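Asks: Sequence:
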Amino acid sequence: MESIYLAGIIPVPQEPLYDQLNHVLHLLVNNLVQSWSPGLCLAHMAVNTFGCLVQCAVIPLVCNLLATCKTAGFSGLGTSGGKFCLFCLQDGTDIRNTNISSSQCHTWQEHLTIAMMWRDAESEGAHNKIYTQFGICCSELLQLPYWNPIQFTVVNCMHNFFAGDLQHHC
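Per the working numbering, the sequence shown starts with residue 1, numbered consecutively.
Wrong hints could be hidden among the right ones.
[Stated by the list, open to error] Result set (SDA-like, lysine to any residue): computed pairs, CA atoms no more than 20 Å apart in a straight line:
#1 K129 / S75
#2 K129 / L17
#3 K129 / C41
#4 K129 / T113
These are calculated hints, taken from the structure and not from any lab test.
Bear in mind that the values here come from a model prediction, so they are computed numbers and not experimental data.
The whole structure should be built from the sequences, with the hints applied where relevant.
Replies: Okay, structure coming up:
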């Protein structure tokens, strides 16, 4: 990784709703789609005077837990539809089970299918039902052909450990 780009900061305590955040992400995602395929042609560089074609991608998404949920399309922990873990199907009824091998994890395809159901729902009630049942909504980042929210989402350890937020995540 050669470059890191700060796309934005979500202000608290008046952070945007999921659909509001998607409107902001839409502008960034449109640029990233074009930067991925066909890519960007850099006309002249010190190393290669004839230029070169480069591809740009967002990998990984590094945020605190709230921003991770809102940006990647996961329900927040403790919300209606909130799951115990962002990445597996475990819920709060099995909170004492910390054996990772006994938990069934989401797959990218399952996440994408549910997110598209949420996106295509025809009413707010249908959105809420899908969100409550699965803990997933549609993120604008899913428009990126390579984006995998299960593999590319990282909860920032600075917020979890050093700022003392970990105690509030469960």
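Asks: Each hint: holds or not?
Replies: Now for the hints, and whether the structure bears them out:
1. In summary, the hint linking K129 to S75 is supported, as the alpha carbons are separated by about 12 Å, within the 20 Å threshold.
2. At roughly 17 Å between alpha-carbon atoms, K129 and L17 fall within 20 Å of each other, so this suggested pair holds.
3. Restraint check for K129 and C41: the C-alpha separation of about 45 Å exceeds 20 Å, so the hint is violated.
4. For the hint linking K129 to T113, the alpha-carbon distance of about 15 Å falls within 20 Å, and the restraint holds.
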